[in-house]
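Chains as they are written, first to last, in the numbering used here: chain A, 1 to 113; chain B, 1 to 115.
By construction, these hints were calculated from the structure, which means they are not laboratory data.
Certain hints may be false.
[To be verified] Here are some chain A residues pointing at chain B (derived, C-beta under 7 Å):
id : residue
1  : G43
2  : L44
3  : L46
4  : Q100
5  : F103
6  : G104
7  : S105
8  : G106
Just so you know, even glycine gets a beta-carbon here, dropped at the ideal spot from N, CA and C.
Residue strings, one per chain:
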Amino acid sequence: AQSVTQLDSQVPVFEEAPVELRCNYSSSVSVYLFWYVQYPNQGLQLLLKYLSGSTLVKSINGFEAEFNKSQTSFHLRKPSVHISDTAEYFCACHSGSARQLTFGSGTQLTVLP
Amino acid sequence: NAGVTQTPKFQVLKTGQSMTLQCAQDMNHNSMYWYRQDPGMGLRLIYYSASEGTTDKGEVPNGYNVSRLNKREFSLRLESAAPSQTSVYFCASSELASGGTDTQYFGPGTRLTVL
Numbered sequence: 001a002q003s004v005t006q007l008d009s010q011v012p013v014f015e016e017a018p019v020e021l022r023c024n025y026s027s028s029v030s031v032y033l034f035w036y037v038q039y040p041n042q043g044l045q046l047l048l049k050y051l052s053g054s055t056l057v058k059s060i061n062g063f064e065a066e067f068n069k070s071q072t073s074f075h076l077r078k079p080s081v082h083i084s085d086t087a088e089y090f091c092a093c094h095s096g097s098a099r100q101l102t103f104g105s106g107t108q109l110t111v112l113p
Numbered sequence: 001n002a003g004v005t006q007t008p009k010f011q012v013l014k015t016g017q018s019m020t021l022q023c024a025q026d027m028n029h030n031s032m033y034w035y036r037q038d039p040g041m042g043l044r045l046i047y048y049s050a051s052e053g054t055t056d057k058g059e060v061p062n063g064y065n066v067s068r069l070n071k072r073e074f075s076l077r078l079e080s081a082a083p084s085q086t087s088v089y090f091c092a093s094s095e096l097a098s099g100g101t102d103t104q105y106f107g108p109g110t111r112l113t114v115l
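Pulled out of the complex, with its shape left as it was, chain A reads as follows:
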């Protein structure tokens, strides 16, 4: 069985400050990891994903995440956040044997002016 833990339910941060949203996973087999973002009253959108290859993956809007197998983590980082980054962020895990995504409980990122 696989599981995903997002350690922080709420992360307030001031504009232009750096941010890290933490995600840890548990799986006995190889995993594929995703970060999704949900803006208010909208569906989820893929932010970035790790399937294989380089352990550092980046999104087009400045976010990046690093797959760390030894620490079973896939933390999301951004060096300087904007007001428009305010949203809920979900980490998700998929293994080939499980056939579906398992989501964490989400982290609400609020960027303050």
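Given the coordinates of chain A, assemble chain B onto it according to the supplied hints.
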């Protein structure tokens, strides 16, 4: 492309009433999914369909039924709604069939309240 569409956007039901949530995708995807989202619990999978003609239970299937009508459409039915089914329901689709690791694309959601 509209992507994944869901109807209705909002619905209020009384306990015991039935309803069907509709989902359609125009991306020619093989797999489709129904999730519910509750505060502090993330998204939990209700049912999924790995390909046309197949459906399987997810984490929380009790109280729900699904129909994969064709490759485009995947509906979720509540036969006798209960207050515990008050939630936001999301439909998603992905290109690969069962066992694949690929991106899921989500619809805008249906906000359901059961009184």
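(message) Of all the hints numbered above, which does this structure not satisfy? Sort the numbers upward.
(response) none
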